[in-house]
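Colleague: Here's the letter readout for the chains.
Protein chains: 2
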Amino acid sequence: MNAPFDGLELGYDVPALPGMDEADIQTPCLILDLDALERNIRKMGDYARTHGMRHRSHGKMHKSVDVQKLQEHLGGAVGVCCQKVSEAEVFARGGIRDILVSNEVRDPAKIDRLARLPSWGARIIVCVDDLANVSELSAAAQKHGTTLECLVEIDCGQGRCGVDTPSAATAIAQAIAAAPALIFTGIQAYQGGMQHLENYVDRKAQLDEAVVRVKAVVEDLRAAGLKPELISGGGTGSYYFESGSGVYNELQCGSYAFMDADYGRILDRHGHRIDQGEWKNALFILTSVMSRAKPGQAVCDAGLKVQSVDSGLPVIHGRDDVKYVSASDEHGVIEDMHDVLRINEKLKLIPGHCDPTCNLHDWYVGVRNGRVEVVWPVSARGKAY
Amino acid sequence: MNAPFDGLELGYDVPALPGMDEADIQTPCLILDLDALERNIRKMGDYARTHGMRHRSHGKMHKSVDVQKLQEHLGGAVGVCCQKVSEAEVFARGGIRDILVSNEVRDPAKIDRLARLPSWGARIIVCVDDLANVSELSAAAQKHGTTLECLVEIDCGQGRCGVDTPSAATAIAQAIAAAPALIFTGIQAYQGGMQHLENYVDRKAQLDEAVVRVKAVVEDLRAAGLKPELISGGGTGSYYFESGSGVYNELQCGSYAFMDADYGRILDRHGHRIDQGEWKNALFILTSVMSRAKPGQAVCDAGLKVQSVDSGLPVIHGRDDVKYVSASDEHGVIEDMHDVLRINEKLKLIPGHCDPTCNLHDWYVGVRNGRVEVVWPVSARGKAY
Numbered sequence: 001m002n003a004p005f006d007g008l009e010l011g012y013d014v015p016a017l018p019g020m021d022e023a024d025i026q027t028p029c030l031i032l033d034l035d036a037l038e039r040n041i042r043k044m045g046d047y048a049r050t051h052g053m054r055h056r057s058h059g060k061m062h063k064s065v066d067v068q069k070l071q072e073h074l075g076g077a078v079g080v081c082c083q084k085v086s087e088a089e090v091f092a093r094g095g096i097r098d099i100l101v102s103n104e105v106r107d108p109a110k111i112d113r114l115a116r117l118p119s120w121g122a123r124i125i126v127c128v129d130d131l132a133n134v135s136e137l138s139a140a141a142q143k144h145g146t147t148l149e150c151l152v153e154i155d156c157g158q159g160r161c162g163v164d165t166p167s168a169a170t171a172i173a174q175a176i177a178a179a180p181a182l183i184f185t186g187i188q189a190y191q192g193g194m195q196h197l198e199n200y201v202d203r204k205a206q207l208d209e210a211v212v213r214v215k216a217v218v219e220d221l222r223a224a225g226l227k228p229e230l231i232s233g234g235g236t237g238s239y240y241f242e243s244g245s246g247v248y249n250e251l252q253c254g255s256y257a258f259m260d261a262d263y264g265r266i267l268d269r270h271g272h273r274i275d276q277g278e279w280k281n282a283l284f285i286l287t288s289v290m291s292r293a294k295p296g297q298a299v300c301d302a303g304l305k306v307q308s309v310d311s312g313l314p315v316i317h318g319r320d321d322v323k324y325v326s327a328s329d330e331h332g333v334i335e336d337m338h339d340v341l342r343i344n345e346k347l348k349l350i351p352g353h354c355d356p357t358c359n360l361h362d363w364y365v366g367v368r369n370g371r372v373e374v375v376w377p378v379s380a381r382g383k384a385y
Numbered sequence: 001m002n003a004p005f006d007g008l009e010l011g012y013d014v015p016a017l018p019g020m021d022e023a024d025i026q027t028p029c030l031i032l033d034l035d036a037l038e039r040n041i042r043k044m045g046d047y048a049r050t051h052g053m054r055h056r057s058h059g060k061m062h063k064s065v066d067v068q069k070l071q072e073h074l075g076g077a078v079g080v081c082c083q084k085v086s087e088a089e090v091f092a093r094g095g096i097r098d099i100l101v102s103n104e105v106r107d108p109a110k111i112d113r114l115a116r117l118p119s120w121g122a123r124i125i126v127c128v129d130d131l132a133n134v135s136e137l138s139a140a141a142q143k144h145g146t147t148l149e150c151l152v153e154i155d156c157g158q159g160r161c162g163v164d165t166p167s168a169a170t171a172i173a174q175a176i177a178a179a180p181a182l183i184f185t186g187i188q189a190y191q192g193g194m195q196h197l198e199n200y201v202d203r204k205a206q207l208d209e210a211v212v213r214v215k216a217v218v219e220d221l222r223a224a225g226l227k228p229e230l231i232s233g234g235g236t237g238s239y240y241f242e243s244g245s246g247v248y249n250e251l252q253c254g255s256y257a258f259m260d261a262d263y264g265r266i267l268d269r270h271g272h273r274i275d276q277g278e279w280k281n282a283l284f285i286l287t288s289v290m291s292r293a294k295p296g297q298a299v300c301d302a303g304l305k306v307q308s309v310d311s312g313l314p315v316i317h318g319r320d321d322v323k324y325v326s327a328s329d330e331h332g333v334i335e336d337m338h339d340v341l342r343i344n345e346k347l348k349l350i351p352g353h354c355d356p357t358c359n360l361h362d363w364y365v366g367v368r369n370g371r372v373e374v375v376w377p378v379s380a381r382g383k384a385y
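Going down the list, the protein sequences come from chains A and B.
Our numbering numbers the first residue of the first sequence as 1 and each following residue consecutively.
Our numbering numbers the first residue of the second sequence as 1 and each following residue consecutively.
Since the hints were derived computationally from the structure, they do not count as laboratory data.
Remember, identical chains collapse to one label, so a pair may be satisfied in a single copy or spanning two.
No farther apart than 16 Å at their CA atoms in a straight line, the calculated lysine to aspartate or glutamate pairs in the EDC-like style are these: (1) 294 x 130; (2) 348 x 22; (3) 323 x 339; (4) 294 x 164; (5) 280 x 38; (6) 204 x 268; (7) 69 x 98; (8) 69 x 38; (9) 227 x 149; (10) 348 x 320.
Nothing here was measured: the structure is a model prediction, and the numbers come from that model.
Sequences are here, hints too, so could you generate the full structure?
Modeller: What follows is the structure, encoded as structure tokens:
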């Protein structure tokens with residue numbers, strides 16, 4: 001076992017190296033089931049293509065140039081969306097050529113950095129929900145001799161960012177269209193608030209309302225002589241609604257590629273959990289049992305520092321006999337009524353919420369047929385600026 | 001404002017540089033109030049010294065060689081404790097010379113790495129709660145020609161790791177004492193389960209029970225001819241109990257240095273919150289308002305990727321007029337009933353739980369008198385192996 005850890009002996013902390021047996025991976029770490037990942041990516045790509053939709057995969061979930069490239073090459077993704085300028089910088093450096101910052105950028109230094117990015121060879125699109133932002137973006141793009149594309153963000157019912165009325169959207173769109181170095185490209189219309197509702201009909205009802213809002217904005221824009229090129233939105237819990245809406249033309253799904261415990265529990269239109277066929281769990285936290293000083297209980301090495309529990313505790317994959325019942329900083333307590341777990345036994349945890357969990361890690365260890373095939377950096381890990 | 005961001009323009013993502021005005025710090029990021037930090041560190045150091053206790057500051061909280069050195073130089077800390085071999089490696093590389101891994105290490109590759117560390121010039125101590133671990137540690141230390149010191153971990157009532165009975169503790173201690181290349185150094189007796197109980201008397205009651213357990217183990221060890229050098233434990237919610245116990249001689253406090261919202265709410269023996277005098281908040285998440293498309297509400301740029309909400313939402317420091325009410329991946333929603341917040345206005349959030357929040361960040365920005373004085377790496381960020 002020592003030879004593969006030369007990297008670690010040099011202080012180069014990677015949990016695994018390509019070619020290593022899966023059993024030798026150091027825990028806790030993130031592992032990707034490459035067969036499941038590629039299957040999910042191909043499936044979403046096929047869906048988008050057969051439904052005439054563009055798919056812009058959401059890089060805020062994986063924060064990985066390598067996963068994004070797989071989504072483009074295997075899944076036909078047209079580009080990436082992300083939430084922060086620092087993420088956009090990582091994707092641009094990594095060679096991604098069509099980048100939407102699906103969020104507002106208001107800080108002067110961040111606007112300046114964003115406006116430099118088109119000169120790195122990438123199409124850069126950003127969201128706007130405030131008229132005052134238009135002149136800021138325009139000035140920065142002019143300063144750098146670049147062009148920024150803009151989507152007007154509308155609130156689809158989540159009640160967070162985005163304008164509420166067609167007239168507000170049109171006023172911003174007109175300002176963008178008139179501003180030097182900016183292009184009015186379309187509408188950001190993501191309904192994030194309904195993605196995790198368990199029942200299909202509840203999700204559909206909320207997305208139907210969002211579609212009404214989007215159509216009203218599109219009509220108002222057209223009346224003002226503006227034609228949105230992109231109407232972008234949709235997530236893993238809703239993409240079929242946007243695809244069938246007749247108004248959206250671009251999807252922004254993220255979690256479908258990895259899946260997680262919270263998303264996995266929502267139901268498709270047949271009443272089946274979406275992790276039981278629609279998508280496969282491709283992301284796991286690999287953890288080891290490191291203490292079992294109490295009968296009926298084991299302690300593993302995966303706690304709050306390797307996962308976000310905002311959407312609930314992780315689920316132990318493929319095991320009905322043991323249950324992860326509490327998390328502290330570095331430990332997970334596992335109920336093990338029949339004392340079946342052994343010291344150093346490895347378990348695969350399906351994290352409660354994939355996005356903030358991935359953001360805690362430096363590496364994805366990609367496995368197939370019991371072997372480590374790739375070790376990918378979480379390229380934009382920690383990029384929150 | 002551009003000049004200080006040359007670092008950022010090169011893609012070197014730091015939120016600030018020393019000498020910069022506090023107002024120019026890029027958000028979201030962690031900032032340290034250096035006056036408050038130094039005051040907390042000196043205060044705990046004074047307490048330990050005047051009470052005849054060693055203080056081994058807990059590096060799992062800050063994961064920073066620089067903060068640890070401040071704790072040693074200003075606060076007289078005797079060394080560090082941490083939870084993972086990879087953290088111990090970082091502290092050893094950083095020049096810390098007395099390191100306790102206050103946790104069990106069972107994986108063969110991790111044991112091998114741990115056993116190398118004394119040759120880097122550091123005293124290395126590790127916890128044991130299973131007889132089978134003794135021969136593993138001994139073999140690895142012999143292989144590397146080093147010596148590992150061991151504490152027997154006893155369960156003080158938290159019900160996680162650690163043995164339950166004096167006889168089990170003594171059996172392990174005897175095995176350690178008899179094993180080549182190991183030294184029996186004492187007892188790890190941290191009661192983590194009671195640290196966050198709100199009331200002083202409730203905490204005292206649980207710690208009183210822990211002291212009974214510790215004394216029983218010490219008596220049993222002495223009857224077997226074993227003399228523990230260190231009886232180590234204690235946290236920010238309990239250190240006065242261990243100090244007055246007559247049996248503990250080493251404290252392991254961590255959160256006192258930074259404070260957080262969840263710890264801040266617990267009460268001292270006078271019924272005062274511990275963040276209202278006993279300790280000062282030194283750690284904040286600096287965040288900016290980036291959208292306010294709705295009346296009564298602002299949205300800031302600090303969500304789940306820059307903080308752990310396992311112990312509750314953050315509290316906005318020094319503001320009674322606005323309230324952080326929900327967190328999503330990249331956004332925080334702030335209730336702002338009177339619409340006082342402006343775009344790009346900065347707020348200081350006291351995180352709910354400092355340890356897993358610090359672990360999300362690459363940098364501490366240390367500020368004093370409105371200026372950035374230091375920018376320290378979160379040296380062991382992500383070191384979970």
